[in-house]
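Starting from the known structure of chain U, fit chain B onto it as the hints suggest.
Here is what each chain is made of, one letter per residue.
Number of protein chains: 2
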Amino acid sequence: MAEGISLEELQLAARNHGMPLEALRYPVTPVGLHYLLTHYDVPEVDAASWSLRVRGERELSLGPDELHARPRVELAVTMECAGNGRARLDPRPVSQPWLLEAVGTARWAGTPLRPLLEEAGVGEDVVEILFTGVDRGAEGGDEQAFQRALPVDEALRDEVLLAYEMNGAPLPPQHGYPLRLVVPGWYGMTNVKWLTEIGVLREPFSGYQQSWSYRIRQHEDEEGEPLSRMLPRSLLVPPGIPEFLTRERLLPAGEVVLQGRAWSGLAPVTSVEVSADGGESWAPAALEPEGGEPWAWRGWSYRWQAEPGSWVLCSRARDEAGNEQPLEPAWNLGGYANNAVQRVPATVTG
Amino acid sequence: MAEGISLEELQLAARNHGMPLEALRYPVTPVGLHYLLTHYDVPEVDAASWSLRVRGERELSLGPDELHARPRVELAVTMECAGNGRARLDPRPVSQPWLLEAVGTARWAGTPLRPLLEEAGVGEDVVEILFTGVDRGAEGGDEQAFQRALPVDEALRDEVLLAYEMNGAPLPPQHGYPLRLVVPGWYGMTNVKWLTEIGVLREPFSGYQQSWSYRIRQHEDEEGEPLSRMLPRSLLVPPGIPEFLTRERLLPAGEVVLQGRAWSGLAPVTSVEVSADGGESWAPAALEPEGGEPWAWRGWSYRWQAEPGSWVLCSRARDEAGNEQPLEPAWNLGGYANNAVQRVPATVTG
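If you read the sequences in order, they're chains U and B. FYI, in this note's numbering the residues of the first sequence are 1 to 350. FYI, in this note's numbering the residues of the second sequence are 1001 to 1350.
If you are wondering where the hints come from, they were derived from the structure by calculation, not from laboratory data. Glycine residues also receive a C-beta, built at the ideal position from the N, C-alpha and C atoms. Treat the hints loosely; a few may be bogus.
To be verified - With the Cβ distance kept under 10 Å, some of the chain U side facing chain B (calculated, not the full set):
#1 Ile-5
#2 Tyr-40
#3 Asp-135
#4 Ala-138
So that you can see chain U by itself, here it is in the shape it has in the complex (with noise of 0.2 Å):
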């Protein structure tokens, strides 16, 4: 469990953004709310002097007006970083330590990769699709600039978007100014920013983010299965107000509408449930209509008549390929993945 903080993961905590969980209120995350996790700094790009290449068959150089002036898309979608949950691992594998609060939903417009691609030209021979951001830094004892590949399939996926807009505005310089890789339904380290270059591999690319991060195994020696999709979770806005320290909530007794979003990548969320006392009885919660956003997070509600006491409130999604989340997490070396539900203390007064 989350004691012992090093100053090396208080670093990334300070420099990294969680989502405050009434954040959970807004359907599109405000920037500013949004999860935040930079690999390496935020770099400065200037757009004027930018330009992505994409070297397929044929090499194309576009500059931000030649992305603009393409067939334009807008889609939310909802974002988790795959190490979300990592600090409530035991032990806790070292790295950003996210408690819950990794996610955010945001409205992306940008154009689609797929044409790119095609005009470009992806020989029969390719097996992957290789992103490259700006930002450089060093890991594994090696300097490099991130990357991270995607199988060809997943790549020409219609809903796949290169991204200039993050909810009506410029993105900003964080979320991966002038041009970031949106990969909807994928963990977070899937949507490259700062993206400058899209090239093609005719074997599975074995660079540090791929190869060593972002795979699930139990052993430094193992292979791993490689991440992908967002494992279902929900979680809900935390009801009355918190104790400033411990962040446990109290509320009076009486009725409460509990609030939460859910999501998978793997499948539409069919159910979510919640329960009062940490997970020993579970009730059905009321899904919000769909509303026509398939990659976006699903709102819920379940009226909640409070009774004085202690309690423990959690919530469950389930998604229609029958995902759920467990009470208690699978344990990684890296600390991925971990969708247990949320435990929430909350005091309810007389």
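Structure of chain B alone, referenced to chain U:
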């Protein structure tokens, strides 16, 4: 030092946002990179039903339209949390564990407070003006709204604003929408967010955030001195590239232009010095021209001849009143106002 951070501290670090120090490159901090401390929750405020009540000799009530119709002023203001540097103290006071990054500069727009106070009437027996936010929580065993008071002469300063815009857009929810107080030069807690009421006090305010928190003292049974204006501080943009986990900087040998910003709420910054050897020797940095924004930080630069080896980069600000940053922090119970010089370890390769 910052080892052994507890779950409660981590919960705060995950909610509250520091400014990644590379964002020192921006004279005005982009929304989402400005530091953010929320004592309780970001409240949901419906501007249509919200109003500001001003209770002096007369009572005024102003909605958003009435506030926006009043004279408009824009001001760039550097704001720093009084707890910045807390996690560098030993023993570490338990609260939000800031290292160095609880700062930002925004361009606030709003209407001056003084004429509004004059319209409401401030009697001669009034000693303080009390500001109340919408946000509520429990602290020190009591439920409360966030409240802070200012001495009358400070509240009547021309540059004190009721701000409804940040960086050219309506206040984001997390920065106090629809209205916040901005008191240039003072630490962050002064700048009450989600402002809903302004009142007059005939004796000093004894609320939690004034008589318990935000005081410099060594023992709990000591009254201590209230915090007010920001002590001088300078921070530098860490040069080169970071190692992901340690955040140690790596850069090649050669000339590097170190850049940073410095501020003081007590008097204008008059000098910044730079050290590459952890404070053993110092050389003067070049200050940017003042730029007509007296309440905003001041940029500086220094041409460093980086030679291979391990270095600890520091900068130190001094203001016109003779206040200078110390090399070592001065401890106090609440962990406030630690303006000891920053130390940035850097490895220069040959």
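Status of each hint after checking the structure:
Annotation: interface hint on U:Ile-5 holds; nearest CB of chain B at approximately 4 Å, less than 10 Å. With a least beta-carbon distance of about 6 Å to chain B, the hint placing U:Tyr-40 at the interface is held under the 10 Å criterion. The interface hint given for U:Asp-135 holds, since its Cβ lies 9 Å from the closest Cβ of chain B, which is under the 10 Å cut-off. Contact between U:Ala-138 and chain B, as hinted, is supported at the beta carbon level, the nearest pair being about 4 Å apart and thus within 10 Å.
Every hint from the earlier list agrees with this structure, and none is contradicted.
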